[in-house]
Amino acid sequence: MTDVDGTLKAAMTTIEGAIGAALVDYNSGMALGILDGAGGLDLNVAAAGNTDVVRAKMRTMDMLGLKDGIEDILITLSTQYHLIRPLGGRTGKGLFLYLALDRGRANLAMARHQLTKIEADLEV
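Residue numbers for the sequence shown follow our numbering, beginning at 24 and rising by one.
To be clear, the hints were calculated from the coordinates, so they are not data collected in a lab.
Just so it is clear, CB atoms sit at the ideal spot from N, CA and C, and this is done for glycine as well.
Mixed in with the good hints there might be a few duds.
[Claimed, not checked] Below, computed lysine-lysine pairings styled on DSS-like, alpha-carbon distance capped at 30 Å:
1. Lys80 - Lys90
2. Lys116 - Lys32
3. Lys90 - Lys116
4. Lys116 - Lys140
5. Lys90 - Lys140
6. Lys32 - Lys140
[What the hints assert, rightly or not] Here are the computed distance ranges between Cβ atoms for each label pair:
7. Met24 - Leu87: 31 to 39 Å
8. Thr36 - Met86: 38 to 46 Å
9. Leu87 - Gly63: 33 to 41 Å
10. Lys140 - Asp59: 21 to 29 Å
11. Val76 - His136: 19 to 27 Å
12. Ala61 - Gly117: 26 to 34 Å
Based on the provided sequences and hints, a complete structural model is requested.
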């Protein structure tokens, strides 16, 4: 099992093209941990903004009567990918991992696969 800092470090060092990572509480919008790379992103702003994305999607799923869970949310920009992965399990409820990737260096399929493995090792 890995703590928050170890999880973010693993994301930044093992996922090719990672430029920023955060663990976020989507109830408050606050980042519980951030690790900035060469991307120059304000991860506290990203945490708060992506909280709105997660809440909106959950609200929409509820209105549609969908009883499914969100595996991840992908936002594709012209030069970046932004992955939002709500955590499963009883200790991860209300949290999501946020990962920003340089689109020119990242392999999206591999990043999603590795983020899933990293999440499984996280102990909150």
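Numbers of the earlier hints that this structure fails to satisfy, in rising order:
No hint contradicted; all consistent.
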